[in-house]
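Line by line, the protein sequences give chains A and B. So the first sequence is residues 0 to 489, counted in numbering that gives the first Met the number 0. So the second sequence is residues 0 to 134, counted in numbering that gives the first Met the number 0.
Because the hints were derived from the structure by calculation, they are not lab data.
Per label pair, the in silico range of CB-to-CB distance:
hint, chain 1, residue 1, chain 2, residue 2, range
1, A, Arg317, B, Tyr92, 18 to 24 Å
2, B, Arg129, A, Asp415, 53 to 59 Å
3, A, Asp415, B, Ala27, 50 to 56 Å
4, A, Gln249, B, Asp68, 19 to 25 Å
5, B, Ala27, A, Arg317, 43 to 49 Å
A virtual CB, placed ideally from N, CA and C, is assigned to each residue, including glycine.
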Amino acid sequence: MPSIEFAWKPDAQSVTVAEGRFPGLRLSDTVLERNARWFITVRWVAVAVLVIVQTSAVYAGGVLARIGISVHGWWPASIAAILCCSNLLYFFSIHQHRVRSVVRPQANLWVQIGVDLICLTAVVHYCGSVATPAPFLYVLHIVLSCVFFSVRSSFAVAFAVTLLYLGAVTSELVEVAGRHNVFTALGGPAPLFGPAASICWAGTLSMLFLLVWYLVSQLSLVIRARETQLMDAHEQIRTAQEEKDRYAVQMTHQLKSPLDAMRSNIALVTGGYCGGVSDEVREVLARIDRRAQGMAGLIMDVLKLARVRASRDVSGLRRRADVGALLRRCADNLRPVAEARRIAFDLSVEPAEVECVPEQIEMLFENVVANAVAYSHSDQTVRISCGIDRQRQAVAATVADQGIGIEERSLPHIFDDYFRAPDAARHNSASSGIGLAIVKTVAQNHGLSIRVDSVHGCGCTFTIVFPTTGDDASVARDSRTTTIEKKDIV
Amino acid sequence: MAHRIAHIDDDPDIRRAVRTILESEGYAVEDYASMGDFLKTLDKEQQHPSIAILDVMVEKEDSGLKAYDLLRTTCPEMPVVLLTSLGEMIRPYFEQEDPMVWIVEKPVMPEKLLSVVRSRVRESDSLSRRNGADG
Numbered sequence: 000m001p002s003i004e005f006a007w008k009p010d011a012q013s014v015t016v017a018e019g020r021f022p023g024l025r026l027s028d029t030v031l032e033r034n035a036r037w038f039i040t041v042r043w044v045a046v047a048v049l050v051i052v053q054t055s056a057v058y059a060g061g062v063l064a065r066i067g068i069s070v071h072g073w074w075p076a077s078i079a080a081i082l083c084c085s086n087l088l089y090f091f092s093i094h095q096h097r098v099r100s101v102v103r104p105q106a107n108l109w110v111q112i113g114v115d116l117i118c119l120t121a122v123v124h125y126c127g128s129v130a131t132p133a134p135f136l137y138v139l140h141i142v143l144s145c146v147f148f149s150v151r152s153s154f155a156v157a158f159a160v161t162l163l164y165l166g167a168v169t170s171e172l173v174e175v176a177g178r179h180n181v182f183t184a185l186g187g188p189a190p191l192f193g194p195a196a197s198i199c200w201a202g203t204l205s206m207l208f209l210l211v212w213y214l215v216s217q218l219s220l221v222i223r224a225r226e227t228q229l230m231d232a233h234e235q236i237r238t239a240q241e242e243k244d245r246y247a248v249q250m251t252h253q254l255k256s257p258l259d260a261m262r263s264n265i266a267l268v269t270g271g272y273c274g275g276v277s278d279e280v281r282e283v284l285a286r287i288d289r290r291a292q293g294m295a296g297l298i299m300d301v302l303k304l305a306r307v308r309a310s311r312d313v314s315g316l317r318r319r320a321d322v323g324a325l326l327r328r329c330a331d332n333l334r335p336v337a338e339a340r341r342i343a344f345d346l347s348v349e350p351a352e353v354e355c356v357p358e359q360i361e362m363l364f365e366n367v368v369a370n371a372v373a374y375s376h377s378d379q380t381v382r383i384s385c386g387i388d389r390q391r392q393a394v395a396a397t398v399a400d401q402g403i404g405i406e407e408r409s410l411p412h413i414f415d416d417y418f419r420a421p422d423a424a425r426h427n428s429a430s431s432g433i434g435l436a437i438v439k440t441v442a443q444n445h446g447l448s449i450r451v452d453s454v455h456g457c458g459c460t461f462t463i464v465f466p467t468t469g470d471d472a473s474v475a476r477d478s479r480t481t482t483i484e485k486k487d488i489v
Numbered sequence: 000m001a002h003r004i005a006h007i008d009d010d011p012d013i014r015r016a017v018r019t020i021l022e023s024e025g026y027a028v029e030d031y032a033s034m035g036d037f038l039k040t041l042d043k044e045q046q047h048p049s050i051a052i053l054d055v056m057v058e059k060e061d062s063g064l065k066a067y068d069l070l071r072t073t074c075p076e077m078p079v080v081l082l083t084s085l086g087e088m089i090r091p092y093f094e095q096e097d098p099m100v101w102i103v104e105k106p107v108m109p110e111k112l113l114s115v116v117r118s119r120v121r122e123s124d125s126l127s128r129r130n131g132a133d134g
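Kindly produce the complete structure, drawing on both the sequences and the hints.
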């Protein structure tokens, strides 16, 4: 006999937060290219500073001397020229990579760092390797390498910095290279430090460089790990939401299908496809159908509400849509229901485009218009209009009925889930009570405002105002609650 | 000769209701409980039905949508009606404003079903006449 064994492990679907290090986390070419471009931009600032220093030394040497600065030779201009030429080379190299994938951004960045460190060492030497704060400029390179590169690569940069700096100081101590100091004492050149002071200073700074590397690289590691965890968690949430939506659709289908089958059979009987039926039987079947219709409507409304609540962030889904066209389609869809109750539509819509999620706005209109029809009396008219509100400089859509209206004490609650005013429940027992909750959620998602004007027993007017294009995002962020204003209609 | 209408739905009550309504109007209804059975028959037959009425969630949650895509490529001349409990909620699965997508929400209401079927059969007839005229 065929058999199959099932075994289930405990649910392993909770969000896992990965702990641990990411020593070799490699950045993509896109990110590296962006970093390379950023370095190129900042390097122009360094070139500008060097040019200013050289120009000042040439044309304002006396002024500089009075404040204690002495720049000899043409080293600022030389280094600026080297940086300028290399910057242009880096720029064209990146452009060539985009066009023909010649030199990878990583190689470009490494060359930039190498040339920068050599030029910076020259600046440090000419400024004064132990007499000025110039060596602290190395810290900037170490920090940037920790941010942009992996731990190993940033260590390589920190090590190179230490070697170059120690090399510069050593070459000055053994008198291979001369010793310089841009700062001058009053009346003459500033004193130079002795060997012990130089060694102490160089040693301390080297340890500082390695300490900075360690601290910033560890911090950078933690930040990158958190970023990866955040991305993983975001992906898990997205997948969970898709699963939830799929489940909701399946559940809706499973719950609604038996009701649809029941109502289809009722339609066969009441349609005369199964022979004649008495008026009493027809009446009872109509009641059964109404209750089944109410239940089916509730099931669909729950699904719709769940979906619009799940998609609160509509920023990526918006596109231009004509509000007038959406209203016209809505009226066409509901016309058979309206005509069955001898309710006419009076449409007066002009084209008016807004940025929105059309499916959600259509759902909003459908609920408002359906309510207008449901709560009108027979032989009445529902007026639907839309256009530009010149005063508010916004698009406004209005749906007005002459039906049962809403009592003043019920008005503040009409957008609550499952709320039904007493009159509404008596007039339309099949209502789910969450149609306006759907309207409210869509309005919140889009930053709309809705004005409800009603006189009990005389009718109701819903005015939906769409914010102007420039204010869309700010209105959505700031106005999460639907505004309800009450006004008596004469 | 009566127009042939194929109907695929795993719910026997729905199949019975559709058959009863359409046969009373003189259509010949061929109903299937699974997409697989319908597609096999389609492969064997030379003459395809005038229109196909598909449920969306038959056996699997999107088998109706997959069958629709298949029919659009293999039998583009055959109009399709999607008869589904989910109604317009499945509209986002199709290209925006695709005029070939006709969605009817269950339950099966005779007037609505007949109105849609008549429109689609008219389309099918005019397509056949145009293809016949083109040779």
